[in-house]
Amino acid sequence: DAGVTQSPTHLIKTRGQQVTLRCSPKSGHDTVSWYQQALGQGPQFIFQYYEEEERQRGNFPDRFSGHQFPNYSSELNVNALLLGDSALYLCASSIGVQETQYFGPGTRLLVL
Amino acid sequence: KNEVEQSPQNLTAQEGEFITINCSYSVGISALHWLQQHPGGGIVSLFMLSSGKKKHGRLIATINIQEKHSSLHITASHPRDSAVYICAARRNTDKLIFGTGTRLQVFP
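Line by line, the protein sequences give chains B and L. Going letter by letter, the first sequence gives residues 37 to 148 in our numbering. Going letter by letter, the second sequence gives residues 31 to 138 in our numbering.
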């Protein structure tokens, strides 16, 4: 059983560009949460998707958007990239919103 | 002040030592998570608890809801335990709020 997978593993972009990160949840999981982890910091909650809808959102600007597909996989889109968007982006899946979250390996984004 | 505070920030230990990492939170929670993050970023969920104590192998997690405090203990520590340990409080709204982590290094 594959756990949570994310792609790509690493990505380099320049300021102003747009990026799409992808997450496939653990088998049987229907809820996906996205987190941003800056270097040396704990993860910060971006948003959570359940039943293809954004259910919760953290303190992130509208440049950060997402989507959940019928197969429960999810995308995180970031527009108009800033240098400060450089971070590790983690996806976590769970069964429903209350259960233990399982984390993916993350996508490391560098904005130059 | 962060809503979730961990201490210490950095911890070094000799193999075999008993280790305690502390987590205090200032918000109402429905559960508290302990996570382990290895170099490179991969995060493993160790415990989710809302009361009392849980044990898994050499790891023990406790929580005191009244005092808003949780501890993660590692008995007979081993170099492979070296990682960043993060506590995360699940708000009543289901949002997770993370501490900044405790970097543990265990030397042989």
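Wrong hints could be hidden among the right ones.
Unchecked claim - Subject to a maximum C-alpha distance of 27 Å in a straight line, what follows is the list of computed DSS-like cross-link-like pairs (lysine-lysine):
#1 Lys-125/L - Lys-98/L
#2 Lys-84/L - Lys-125/L
#3 Lys-49/B - Lys-83/L
#4 Lys-125/L - Lys-83/L
#5 Lys-98/L - Lys-62/B
#6 Lys-98/L - Lys-85/L
#7 Lys-85/L - Lys-62/B
Note that these hints are calculated values from the structure, not bench results.
Give me the numbers of the hints this structure contradicts, sorted from smallest to largest. The structure breaks hints 3 and 5; every other hint is satisfied.
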